[in-house]
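Listed here are the chains, written in short residue letters.
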Amino acid sequence: MIKSLMFWVLAIFLAPFFSALILKVKAFFGGKKGPPLLINYYTLVKLFKKGSVYSTSTTFVFKLGPMVSLSSAVTVLLFLPLAGQAPVFSFNGDLLFILYLLGLGRFFTIAAAMDTASPFEGMGAAREAYFPIICEATLFMILILFYVLTGELRLAAYFTGSQPFGLWQMAGSPMLFVVIALFIILLAENSRVPVDDPATHLELTMIHEVMVLDHSGPDFGFIELGSFCKLFFYASIIAQLIMPFESGYLALNLCLFTAGLVVVYLAVGIMESVMARYRMDRVPKFLLTSFALAFFATVITLEFIK
Amino acid sequence: MNSFTLSMVLICCGGLAALFLWRQFLLMKAVAVGFIGIGCAVGLTDALTKLLHPGSYAVSLKYLNLFYLSFQIDGLSAFFLVSIFLVSLLAAVYSFHYLNDSQKALRTAVSYLFFALLIASMALVVTAANLITFMLAWEIMSLSSFFLVIYDYESADNRKAGYLYFVFSHVGAMFILAAFGIFYGNTGSFMFADGNTMPDSAKLTILILTFIGFGSKAGVFPFHVWLPHAHPAAPSHISAVMSGVMIKTGIYGIVRLYASLGLHTPLFGEIVLVAGMISGILGVVYALGQHDIKRLLAYHSVENIGIILIGIGIGMLGVSFGNPIMAVLGFAGGLLHVLNHSIFKSLLFMGAGVVIQKTGTRTIDMLGGLLKNMKITGITFLVGSLAISGLPPFNGFVSEFFIYLGGFRGAALDRTAFVLSIMAIVSLAIIGGLALACFTKVVGVVFQGEPRRPDVTAGDEKGPAMLLPMLVLAGLCFIIGVFPRMFIYLALNAIPVSGLGYGRIPMEPFMQITANITLAATVFFVILAGVVALRLVFYKDKTIGSAGTWGCGFTQPTPKMQYTGTSYAASILEFFRPAAPLEEDHPAISGRFPIKTHYHSHVHDIAERHMVHVVVNPVLWLFDRLRWIQHGDIHLYIGYILLAIVVLLFFI
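So the sequences go chain by chain: A and B. Here the numbering used here is used: the first residue of the first sequence is 1, the next is one more, and so on. Here the numbering used here is used: the first residue of the second sequence is 1, the next is one more, and so on.
Quick caveat, the hints were computed from the structure, so don't treat them as lab data. Here the structure is a predicted model, which means the values were calculated and not measured. Ideal Cβ placement from N, Cα and C applies to all residues, glycine included. Keep in mind that a hint or two might mislead.
[Said to hold, decoys possible] List time: in silico DSS-like cross-link candidates among lysine-lysine, alpha-carbon distance up to 27 Å: (1) Lys63(A) with Lys160(B); (2) Lys104(B) with Lys160(B); (3) Lys50(A) with Lys542(B).
[To be verified] Cβ-Cβ distance ranges computed for the label pairs, FRET-style: (4) Leu202(A) with Pro266(B): 20 to 28 Å; (5) Gln556(B) with Leu38(A): 38 to 46 Å; (6) Asp541(B) with Ala86(A): 39 to 47 Å; (7) Leu288(A) with Ala156(B): 40 to 48 Å; (8) Phe296(A) with Val526(B): 36 to 44 Å; (9) Phe17(A) with Asp414(B): 44 to 52 Å; (10) Pro509(B) with Asp281(A): 40 to 48 Å; (11) Phe245(A) with Asp541(B): 48 to 56 Å; (12) Val262(A) with Ile325(B): 49 to 57 Å; (13) Thr258(A) with Pro509(B): 36 to 44 Å; (14) Phe296(A) with Gly553(B): 44 to 52 Å; (15) His201(A) with Gln556(B): 15 to 23 Å.
With these hints in hand, go ahead and build the complete structure from the sequences.
Set out below in C-alpha cells:
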C-alpha cells in the first residue's frame, strides 16, 4: 500500500517530465534545440506563482472546472497499476468508475468553457463533447475483450502479475489492433495531432486549448497538470501492453515500464512532427477507425482464437 | 393495508376539497397541497416499511356483485410506490408556488382534483392484483393525466398534444385489453397470480401485445411520439410526475406481466433489450436536436426508459440463460434506475419550470446566464444534469454501474447473449456520452454565459415551495450516488417476487459493490478536498483581477455572438443524420450588406414522420370507406345495439 502510494505520487510528479519528451522530439524534427526537458515544471511553478484574472461573465463553475478535472485525473491514477505494481485501490468494475470519472472531468471542463460566454470556447466545447463519445465506445469494446479473456473488470487484473503477457498469449495478433486503437484514443483524448494541435495559433481550429483560453494562474496550472496526468494514464496503459514482461524484480520492471513509456511519448512526438491535423469533419472517421479495430480484435479473438 | 388506504383517502380528499374552496385561492392551494402532501407522506412511509419487511399484503372487495377489486402490495409494488409517493409529494409542494395565477383559480382547483386522482390511480395501478382492477386504475390514470396535459387549453398546440396523448394511451390500452382477453380466455381467471398456467405460445403473444401497450405509455421508441408533445404542454410539476413516475407504470406493467407469466424464453428478453437500445440512443439523439427545454427533457425520458429496458432486458436474458447473478444485476440496475430517473428527471422538470416561470420562454437559445441570479435552481439543475449523464458521484452512475456489470456477465456467455450484451454495453457507453453532450448544452446555454436577449432575463428566484423540493431531490441524487447501499437493498427486495424462482437473493456480493462505489466516491472527494486546499494556498494574498472575456483579439463582443445550443449540437446531429433528419431553413447570404436574415432548424423524429404514412393514412382511408355506417339516424343505432347483443348471445 505504502509502495503503491509512493508510485502514485511519483507518477504525478513525473507526468510533466514525459510530456516534455514530445516537445523535444518535435524540436528535433524541426531542426531546433527545443526547450529543456524540465520545461513543464518551470511552467507549472510560474503559473502557480501568479494571480488570476476572471472574466465578468463567469460564475463559480469556472473556478470549479480546473479543480474537478485535476482531481478526476489524479484519482484515476490511484487505480492504475504501474510497472506491475498493484495500484492503491482496485475493485471489481473500477474501470467503469475510471471512465465515468474522466467523463466528470470533461463535463466540468466543458461547463467552465461555456461559462465564459466566448463563442470560441463554445466551439471547442462542442467538439470536446462530440469526439469522446466515439472514444468511449472503443474503450468499452476493448474492455469487453479484456473482460472475456480474464474474467475480471479491474484495471489491476490486466496489468499485474502474469497478465499483460497472458493477454498477448491468449489473444495473439489481434492485440496489435488493440494497441493501435488505444493509441488513437490517446491522441484524441489528450488533444494531440492529428485530432487537435496543441501548438496551433488559430483559436477556430482548436479543441482543448481554446476551452481553457480564459483560465490563468494557478487555475491554468491545475488544468495543465491534469492533462499531463491524463496523458500519463493512457500512455502507461499502452506502455504496459507493449512491454508485457514481468521479470520478478522491481528495478527491472521499472526499466521496462519506463522504456515503454518513452516509446509511447516518442511515438506521439513523431506523429506530431510528420502529420498535419485532420480537418474537423474527418476526425470522427479517424476515431471510428479505432472503434473498427477494437471491434475486429474482439470478434476475431472471441470467435476464432479463444 | 390500513395506512395505504388512509393515504389514498387523504389524497382524494385533497383533490375534492380544492373544488369546494376554489374561491379562496391561497386557502384552496394550501388545503389541497396539505392533504395531498400528507397523504403521499403516509403512503411513502407505508411503502418503505413494506419494502423493508418483504411480504405480501392483500385485500379484496366485491364490486357490484360482478367481480372483485383486489389489491396486493408485494416488493415490486412497494418499490414503485416509493417513487410514486416521493415524487408526487415533492411535486405537490412545488405546485403551491408554481400555480400562482389567481385568475385561473377554478382551473387550478380542477387541476388539483385530477392531480389527486392521478396519484391515487398510479398507486392503484401498481397495487392491482387482478386484470380488471388494473385496467380500471389504468384508465383513470390515463384520463386524469389527459386533463392535466390540457391545463392550458387555450393554446391550440396544447389541445393537439392532449389529443395525441389521448389517442396513444387508448390505442395502447386496447393492446393491453386484447392481451388481457387472451389471458382470461386461457386461464379463466382474472388474477395475475394465475398467469403461469397457460401454454407458452399464448404467453408470448400476451407479452408482446402488452409490451406494445405498456411501451406506448412508457415512451418506448417508436411508441414515444406523444411524449415530446405532452410534456411541454403540461404544467411543470405535472411533467415532473408524468415523466418521473407515470410513464414508469409502463415499466411496472412489463415486469409484472413477465413475473406473473413466468415465461423465460430468451426471445422476449431480446426484444426488450433491443427496444431499450434503440430508445436509448435515438431518445438522446433527438433530445440533442431540440430547442424547447421541456421537449428536450421529454426526449430524455425516452432515453432513460431505454436504459431501464436495457437493464431489465439483461436481467431477462440472465434468467433465460440460467445466470442468476447477471439476472439480479440487470433487474437491480433497471429498477434502481426507475427510482433514480424519477428523482433526477422530476428535479430537471422542476428546474425547467422555474426557468420558464421567471423568464417566460422555453426556447433554449433565447436564454443564458441564469446561474448568476438563480443560484439554487442553477446548482440543483447542474446536479440533476450530472446525475442524468450517469456521472459519479451521483445516482445515475450507480444504476448504470449495475447494468454494466450485468452486461459484462452476459458478454461471457454464448452467441446471442454475447452479441446482445456487447451491443448493450456499447449502447450504454454511447448513450452516456451523448447525454453528457446534451446536458452540457442545456447547462452551458441556459445557465451559463451571458443573457442572449436583453429582454429575456431572470429576476431573482422566489417561492421557497418551488426551491425546497429541488433541493431535496438534488440531495437525494447525491446521497444515492455516494451511499447506494440502502437503495440497492430496496431494489433487491423488489426482485424476488418477480417469480425468478431464486428464493432469497444473497445480499453480500451486491452490498460489496455498493461499498466499492462508496469507497471510490470517498477517494474522489478526499482528493478534491486536497485540490481545493491547494488552490486556497496558491491564491493566498494574490491579486485577483476581473475583466471581460478574451475575445481572441475582437474588441466589440456582444452576447449575441455566443455559441447557441443549435450550433453546439450541430456536428453530433450531422453524425446521426440518417436517424435524425435535420431540416434547415435560411435564405442564402448575398450582397455586401446582407439584409436581415433568419435561421430555423428542426430535427425530424423518424417515428413521427413514418407514423403518418404507415399508420395514420391507412387508418383514415379505412374509416373513410366505413363512413356509410355513420348516418346519424338514431333508430338504426338502436338496431346496431340490438344486433350486437343478439350476435353476442350465440357466443355465451
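**Q.** Distance restraint hint 20 to 28 Å, applied to the beta-carbon atoms of Leu202(A) and Pro266(B)
**A.** Distance hint for Leu202(A), Pro266(B) is violated at roughly 55 Å.
Q) Is 15 to 23 Å a correct range for the gap between the Cβ atoms of His201(A) and Gln556(B)? A) holds, 22 Å
(Q) Taking 36 to 44 Å as the stated bounds, is the beta-carbon spacing between Thr258(A) and Pro509(B) within them? (A) holds, 39 Å
(Q) Tell me if the straight-line CA distance from Lys104(B) to Lys160(B) falls inside 27 Å. (A) holds, 21 Å
Q. Has the hinted range 44 to 52 Å been met by the Cβ atoms of Phe17(A) and Asp414(B)?
A. holds, 48 Å
Q) Would the pair Lys63(A) and Lys160(B) pass a check requiring their Cα atoms to be no farther apart than 27 Å? A) violated, 45 Å
Q) Using the C-beta atoms of Leu288(A) and Ala156(B), is the stated range 40 to 48 Å upheld? A) At roughly 44 Å between Cβ atoms, Ala156(B) and Leu288(A) fall inside 40 to 48 Å, so the hint holds.
Q. Do Gln556(B) and Leu38(A) keep their Cβ atoms within the hinted range of 38 to 46 Å?
A. holds, 42 Å
Q) So does Phe296(A) sit 44 to 52 Å from Gly553(B), Cβ to Cβ? A) For Phe296(A) and Gly553(B) the Cβ distance comes to about 46 Å; the hint holds.
Q | Status of the given 40 to 48 Å range, CB of Asp281(A) versus CB of Pro509(B) | A | Given range 40 to 48 Å: holds, Cβ gap about 47 Å.
Q. Does the hinted range 36 to 44 Å hold for Phe296(A) and Val526(B) at CB?
A. holds, 41 Å
(Q) Between the alpha carbons of Lys50(A) and Lys542(B), is the straight-line distance 27 Å or under? (A) Status holds; Cα separation ~7 Å.
Violated hints for the displayed structure, listed by number in ascending order: 1, 4 and 12.
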